[in-house]
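From first to last, the protein sequence lines are chains V and S.
Okay, so the first sequence: first residue is 81 according to the numbering used here, each after it adds one.
Okay, so the second sequence: first residue is 6 according to the numbering used here, each after it adds one.
Just so you know, the hints here were simulated from the structure itself, not pulled from any lab data.
You may find that some hints are simply not true.
Derived Cβ-Cβ restraints for the label pairs, each shown as a range [as the list claims (entries may be wrong)]:
1. V:162 to S:39: 21 to 31 Å
2. S:83 to V:91: 41 to 51 Å
3. V:95 to S:14: 45 to 55 Å
4. S:37 to V:93: 32 to 42 Å
5. S:7 to V:141: 15 to 25 Å
6. V:124 to S:36: 25 to 35 Å
7. S:77 to V:150: 14 to 24 Å
8. V:94 to S:83: 43 to 53 Å
9. S:121 to V:156: 38 to 48 Å
10. V:111 to S:61: 46 to 56 Å
11. V:93 to S:83: 52 to 62 Å
12. S:15 to V:141: 27 to 37 Å
For every residue, glycine included, the Cβ atom is placed at its ideal position computed from N, Cα and C.
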Amino acid sequence: QSALTQPPSASGSPGQSVTISCTGTSSDVGGYNYVSWYQQYPGKAPKLMIYEVNKRPSGVPDHFSGSKSGNTASLTVSGLQTEDEADYYCSSYAGSNNLVFGGGTKLTVL
Amino acid sequence: QVQLQESGPGLVKPSETLSLTCAVSDYSISSISSDYYWGWIRQPPGKGLEWIGSIYHSGSTYYSPSLKSRVTISLDTSKNQFSLKLSSVTAADTAVYYCARGKVGALFDYWGQGTLVTVSS
């Protein structure tokens, strides 16, 4: 299984919206509604932000949202805040109890 | 609030076996709930996350195809912890290793702080 494809970087100004894509195949992203997104600050453990494509765990701000179309999932951060600057990783179930992560996207708030 | 803590040697010699343990607090890893499992994920310096494998309370294990031949994950219910062994390590195995609680839906909801393991002679 290959890593999911994410853009290396994304950026936006405070208050703007940014969308990060996560492209896989019909064997992972496209085949299951089990896409998750994680936020990671430097030197810290990842934090679950979105699961099952578009569900937010308790405590995650509602300006984070997820969606999926075909083999591509997306994370949208609306109303960008300075504290949203971090690395973001997608992951997907890949069948047969396997899981695959994306390469990560560094989000910069200008 | 579930807490996880990795422990183990920070330096391993090439060709040897990397061994890490994850101690779990405030949740019993032997719980028969089928909703949860336990996993290991690693992150080479400056790179992305890589799933290593997962284990269920039943002891069933699932490993990344790329690491399957070298990985063993096991449970120690008496100590409420689970372990990772990675054999025949090389410099490419240098990474921060995280343990985490997995949940049905292929997500990890609680993570340890991570531990850096360097492979070097």
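Taking the hints in turn, this is what the structure says about them:
| no. | hint | verdict |
| --- | --- | --- |
| 1 | V:162 to S:39: 21 to 31 Å | 41 Å, violated |
| 2 | S:83 to V:91: 41 to 51 Å | 50 Å, holds |
| 3 | V:95 to S:14: 45 to 55 Å | 47 Å, holds |
| 4 | S:37 to V:93: 32 to 42 Å | 50 Å, violated |
| 5 | S:7 to V:141: 15 to 25 Å | 22 Å, holds |
| 6 | V:124 to S:36: 25 to 35 Å | 27 Å, holds |
| 7 | S:77 to V:150: 14 to 24 Å | 37 Å, violated |
| 8 | V:94 to S:83: 43 to 53 Å | 51 Å, holds |
| 9 | S:121 to V:156: 38 to 48 Å | 33 Å, violated |
| 10 | V:111 to S:61: 46 to 56 Å | 22 Å, violated |
| 11 | V:93 to S:83: 52 to 62 Å | 54 Å, holds |
| 12 | S:15 to V:141: 27 to 37 Å | 35 Å, holds |
In summary, the numbered hints that this structure violates are 1, 4, 7, 9 and 10.
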